[in-house]
Amino acid sequence: MTTPKPTGPPDGGWGWVVAAAGFAVNGLSYGVLRSLGLAFPDFAEYFDRNAQETAWVSALALAVQQAASPVGSALSTRWGARPVVMVGGILTSLGFVFSAFAHSLLHLYLGLGVLAGSGWALVFAPALGTVSRYFSRRRVLAVGLALTGNGASSLLLAPALQLLLDNFGWRGSLLLLGAVTLHLTPCGALLRPLALPGDPLALPRSPLAALGLGLFRHRAFLVLTLGTALVGVGYFIPYVHLAPHALDRGLGGYGAVLVVAAAAVGDIGARLLCGWLADQGWVPLPRLLTVFGALTGLGLLAVGLVPVVGNEDSWGGPLLAAAGVYGLSAGSYAPLIFCVLPELVGIGNVVQATGLVMMLLSLGGLLGPPLSGFLRDETGDFTASFLTCGSFVLSGSFVYLGLPKALPSCRPASRPGTPPPEMGELLPVPQIALLSPGDPHSTLDTTC
Amino acid sequence: MRALQGLRGPRAPSLPLLLLCFLAAVRRSLEDGLSTAAPFTSLPVQEEMMTEYSNLSLESHNLSVTAAPITSLPVKEEMMTKAAPITSLPVQEEMRTKAVPIISLPVQEEMTTKYSNLSLESHSISMTAMPMKENNKGNQICVDRGIMLQRNVTLVERPNMPVEKNITLERPSNVELTCQFTPSGNLNSVNVTWKKGDKLLEDNYLVNTTGSILYTQYRVAIINSKQMGSYSCFFGEKKQQRGTFNLKVPEINGKNKPLITYVGDTVVLICKCQDCLPLNWTWYSGNGSVQVPIGIPVNDKYVISGKHANETKLKITQLSEDDQGTYWCHAIFELGESEGHVELVVLSYLVPLKAFCAIAAEVVLLVAIILLFEMYTQKKKKPSDDGKEIEQGEQLKLDDSNGIENSGPRHRKNESVGQ
Numbered sequence: 419m420t421t422p423k424p425t426g427p428p429d430g431g432w433g434w435v436v437a438a439a440g441f442a443v444n445g446l447s448y449g450v451l452r453s454l455g456l457a458f459p460d461f462a463e464y465f466d467r468n469a470q471e472t473a474w475v476s477a478l479a480l481a482v483q484q485a486a487s488p489v490g491s492a493l494s495t496r497w498g499a500r501p502v503v504m505v506g507g508i509l510t511s512l513g514f515v516f517s518a519f520a521h522s523l524l525h526l527y528l529g530l531g532v533l534a535g536s537g538w539a540l541v542f543a544p545a546l547g548t549v550s551r552y553f554s555r556r557r558v559l560a561v562g563l564a565l566t567g568n569g570a571s572s573l574l575l576a577p578a579l580q581l582l583l584d585n586f587g588w589r590g591s592l593l594l595l596g597a598v599t600l601h602l603t604p605c606g607a608l609l610r611p612l613a614l615p616g617d618p619l620a621l622p623r624s625p626l627a628a629l630g631l632g633l634f635r636h637r638a639f640l641v642l643t644l645g646t647a648l649v650g651v652g653y654f655i656p657y658v659h660l661a662p663h664a665l666d667r668g669l670g671g672y673g674a675v676l677v678v679a680a681a682a683v684g685d686i687g688a689r690l691l692c693g694w695l696a697d698q699g700w701v702p703l704p705r706l707l708t709v710f711g712a713l714t715g716l717g718l719l720a721v722g723l724v725p726v727v728g729n730e731d732s733w734g735g736p737l738l739a740a741a742g743v744y745g746l747s748a749g750s751y752a753p754l755i756f757c758v759l760p761e762l763v764g765i766g767n768v769v770q771a772t773g774l775v776m777m778l779l780s781l782g783g784l785l786g787p788p789l790s791g792f793l794r795d796e797t798g799d800f801t802a803s804f805l806t807c808g809s810f811v812l813s814g815s816f817v818y819l820g821l822p823k824a825l826p827s828c829r830p831a832s833r834p835g836t837p838p839p840e841m842g843e844l845l846p847v848p849q850i851a852l853l854s855p856g857d858p859h860s861t862l863d864t865t866c
Numbered sequence: 005m006r007a008l009q010g011l012r013g014p015r016a017p018s019l020p021l022l023l024l025c026f027l028a029a030v031r032r033s034l035e036d037g038l039s040t041a042a043p044f045t046s047l048p049v050q051e052e053m054m055t056e057y058s059n060l061s062l063e064s065h066n067l068s069v070t071a072a073p074i075t076s077l078p079v080k081e082e083m084m085t086k087a088a089p090i091t092s093l094p095v096q097e098e099m100r101t102k103a104v105p106i107i108s109l110p111v112q113e114e115m116t117t118k119y120s121n122l123s124l125e126s127h128s129i130s131m132t133a134m135p136m137k138e139n140n141k142g143n144q145i146c147v148d149r150g151i152m153l154q155r156n157v158t159l160v161e162r163p164n165m166p167v168e169k170n171i172t173l174e175r176p177s178n179v180e181l182t183c184q185f186t187p188s189g190n191l192n193s194v195n196v197t198w199k200k201g202d203k204l205l206e207d208n209y210l211v212n213t214t215g216s217i218l219y220t221q222y223r224v225a226i227i228n229s230k231q232m233g234s235y236s237c238f239f240g241e242k243k244q245q246r247g248t249f250n251l252k253v254p255e256i257n258g259k260n261k262p263l264i265t266y267v268g269d270t271v272v273l274i275c276k277c278q279d280c281l282p283l284n285w286t287w288y289s290g291n292g293s294v295q296v297p298i299g300i301p302v303n304d305k306y307v308i309s310g311k312h313a314n315e316t317k318l319k320i321t322q323l324s325e326d327d328q329g330t331y332w333c334h335a336i337f338e339l340g341e342s343e344g345h346v347e348l349v350v351l352s353y354l355v356p357l358k359a360f361c362a363i364a365a366e367v368v369l370l371v372a373i374i375l376l377f378e379m380y381t382q383k384k385k386k387p388s389d390d391g392k393e394i395e396q397g398e399q400l401k402l403d404d405s406n407g408i409e410n411s412g413p414r415h416r417k418n419e420s421v422g423q
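Top line first, the protein sequences correspond to chains A and B.
Positions 419 to 866 (my numbering) are the ones given, in order, by the first sequence.
Positions 5 to 423 (my numbering) are the ones given, in order, by the second sequence.
Isolated chain B, as found in the complex:
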């Protein structure tokens, strides 16, 4: 049974929201399944190394690229990890504060002591490449020494498609990126390279092997926005396998649906991000591709505020139709800038007013038709009746009218009848 916190009182939680949370949780667990590369335990040696970085957050990222021999077929992540009892490698994302650097890394230690006041972050991605012949791309037939073996395998990733991981970084940190690769052939014949974007990286990375798995780890201290971007590890075997880490600043959420307001009204535009703490927020209004800053000079029309650091509010008063358009909020981090947008629509009151008047006119027409129809049908009855019906018609007409004085004669009539 799911434990549901926050269900208090008679308010019913909105079901679509719960459904979305449920889906997000499922997706997250799927993603994390990929990242359970190996069940590592942190060794005491590594603990010593960790004290240096004790004031830092640890980010180590793993990518596992496997071109496995057919017999082992580590198609599923779990299978692969079981086949590789690794003892010294960066681990799951949950072990954020326990860095597990590769033991033989004196070189990299020296490098990172320079930036020892920065946080160390380790992230891991796991990816698996299928060892297939070209004509078997996408289907699940494996060939072993010429014998076709058909198995029910679940492909986690398609072969030769790059495996990517998005990493969100807010402030400067040391980053450790690790790729695992299980080659199908000889370990030593694999060519390992790292690239940032298209530029080949010469140093700061290490290659190690344990058993039949090849590891490479790249460490870099990210201190400015130029160092953000895509870092890729390449394993050159028969086909080149590639894993990519995308380093980005946190995303900002504005609003997807346009905000509809009216002339003379006041509106508050909100931008926020999940867990981030930007240094500063700025607002721009966009006309086409040109962005014009808002709030400079400071005036009454625009007021920028924000209760918490992870959100910003722009209050616009005295709206007019010129204020319509897209508004951009920029969050400035040490490592770059991120933006979100909110669309504002300003309508004149005449727009719904016209519809209102049309519907009101229709209502008046309906009432008139109903009452006229009733009078018409009663008049129709009258001429063809004898006296009895006329009295009844009169009685009905009297019923129609409001007022106490008319009820007098009616009751008198009834009383006379009743005797």
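Just chain A, same shape as in the assembly:
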């Protein structure tokens, strides 16, 4: 009797539904978090606190979400992504409902920051990991598509939230946002479990093993985490400081808006474009990651070194170009960092690895903006800040050169069109016992 074996990633079909679910998950987590700032003036006025204390609400939510990501991926390794994301949706919604009845800023910290942040931690890594699992040839495109969710969502949510605030006040708006974020649960329901050849045989015995800390034993993953931690320090700074930098350089209000828009449009477009490009297989993903990481660093350096604009009404050409370059590179980097994981750790460990990568990015995200602000206060403008964050990103990209296949090898390149390596072939030691005949060997493909 022929034995049924799990087939490879479907690369389409239900995968596109999963990618759409990933798009929605991204939008309902990061998108909502970004737009939440609209309600801060109302919070500040009601609780009689200043802007900085209310800004801590979203900073706390972001920190909890990213730091607790490994917990989400560990739980989904144990029980599958679907139930974890569904529970995460309920948790996030509860957080919003709880904070709608807040009587002090502390309640908001707990409700939005801790509860909703934990809920988001449970949804992001499992959902993104599942998207990776459903694709192989079109993985980068699908992940890039899913990652455009937060940009699209904040475009929609920002005016919608303003409308809610005008009609229902901040309490009603938080309550209704709770209902909106409850849609994370149907998105989780869409994440049908998939059995893939590379899946680990035994479920992890202990919670620590479930966290995937064992992955750190592998040199390739270690290199990736080190590089990502460095890149993370500089990557998020433009989110916070690009607009003030544009104003500092002499642009008017609209000029600064244009600069931010150039970066945002470049970012979103590049996620899709790079996704398509990377899937063609012409260049190995680690090499693309290094290249785009380096370009992001160079873009940041350029943004920092742009000269002062003489006239306030000018377009700010050099800054606009530098911001566009940064946006394109950063947008290309985003899906790549998640899509290089199957090559390094095997498709079975993707969810855990995603959680760990998120945690590392968050470490950088916590360090970067305050460092940048401190440098700006010390030196008087943002040049030092952008130069520093650009050099962090460049050094992280330099570390990526240590990834397998990052440097051009002496062997002829594999034919384009072959499925991307996803069985962890790049691991030095075969981690996973491969069952079916015909799977490619584990090979270590480095420079000759």
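Hints listed in this document are in silico derivations from the structure and should not be mistaken for laboratory results.
Model, not experiment: these values are computed from the prediction.
Just to be clear, a hint being listed does not mean it is correct.
[Unchecked claim] Listed next, with one range per pair, are the computed distances between beta-carbon atoms:
#1 A:G798 x B:P262: 40 to 46 Å
#2 A:Q698 x B:T381: 28 to 34 Å
#3 B:S234 x A:E471: 45 to 51 Å
#4 B:N170 x A:H525: 41 to 47 Å
#5 A:H525 x B:G310: 23 to 29 Å
#6 A:A679 x B:T330: 35 to 41 Å
#7 A:G687 x B:Q382: 36 to 42 Å
[What the hints assert, rightly or not] Quick list of in silico lysine to any residue cross-link-like pairs, SDA-like style, CA-CA up to 20 Å:
#8 B:K305 x B:W285
#9 B:K261 x A:D460
#10 B:K261 x A:L583
For each residue, glycine too, the CB sits at the ideal point set by N, CA and C.
Assemble the complex: chain A is given as a structure, and chain B must be docked to it using the hints.
Chain B in isolation, oriented as in the chain A frame:
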């Protein structure tokens, strides 16, 4: 490059706010451009006179009304001021503490010594009227002795439209209002009058000429609210030119958007004004046109407080739907009263709760549909399969369920396969 203070740390300033500030600054400079009537220097004589008022704030206001002859065409403010090297006239607003009264003013000196404990304030407005024929109103064609000359001129004000200036006064002060006028014809044929509202003012003003420009200055000591209002200078030539000073108490800002609160909640209504120091604040709630004072008698529901003198806060606890409506804050100055308003909307929790329940029900429905659809498609696959597919279907179903015990058989099956 603009110097931006206050940019500290990772907080990004809100761009719309910056844009508004930028626009306000531009508008202000435009306004001030009008008021740079003349580059005066303060003469030593005037310094002596100033010592009398040394404890006072000086407010002198200038209005320049020009019906210029065509040849000089002082259409733009700068042109007009250059044509008139005035040496003894009240100046720009910036020179607030340096009063520049007209030198020949012994009469007015005596008058103001009575109120020498009050501040002296000088304000200046500049206005320009175009010398045009009726059929050329609004366009930019000038006629000189029958020859049509078309020039690119920038009209600062339209002809025969009154030029106004709003002056904010908080406490009693001496006020000096000056109008400048450049007539097209003979200086002496111009008839100068001052009016408060519609009432003609008989004295307290002076007329002087320097070169081809006519000046008139009106001084008054504003000590009570009856003296606030509109003061106008009129120059009667072929057409009557008019400049108006509106004396007002400072404006109060409440809130433009309604405040939305819920039953049982607490709310704080805030009224504030920019740089003012009112004597007292009072709150009223308005039902239609009737205003009912709040806080009298003092009870727990309403608490009036205010950290600084330029703001007032009304805290209302235990809100109910009856508390909905408009609330008025009155600021009482020596020279009158000013008010602002805040609108309060009190909603019941049922309003958003109904929407929440509707959306939650929709979510539950979605989840049910998704899971049922999945079970349905799997069941559909089952009957048409052979044994192999059934096993795969079972495997998928096992994947669906959560729990460790189900993974046992799966792994056993796989291991047997792998051998």
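Cross-check of the supplied hints:
1. For A:G798 and B:P262, the Cβ-Cβ distance of about 43 Å falls inside the hinted range of 40 to 46 Å, so the restraint holds.
2. Between A:Q698 and B:T381 the beta carbon distance is about 32 Å. The supplied range of 28 to 34 Å therefore holds.
3. The given range of 45 to 51 Å is respected by B:S234 and A:E471, whose C-beta atoms sit roughly 47 Å from each other.
4. Under the hint 41 to 47 Å, the C-beta atoms of B:N170 and A:H525, about 46 Å apart, fit the expected range.
5. The hinted window of 23 to 29 Å between A:H525 and B:G310 holds, with their beta carbons roughly 27 Å apart.
6. For A:A679 paired with B:T330, a C-beta distance near 40 Å keeps the hint of 35 to 41 Å intact.
7. Under the hint 36 to 42 Å, the C-beta atoms of A:G687 and B:Q382, about 39 Å apart, fit the expected range.
8. For the hint pairing B:K305 with B:W285, the CA-to-CA distance comes to about 18 Å; that is within 20 Å, so the pair holds.
9. For the given pair, B:K261 sits about 12 Å from A:D460 by alpha-carbon distance, which is consistent with the 20 Å threshold.
10. Of the supplied pair hints, the one linking B:K261 and A:L583 holds, its CA atoms being roughly 11 Å apart against a limit of 20 Å.
The earlier numbered hints are all upheld by this structure, with none contradicted.
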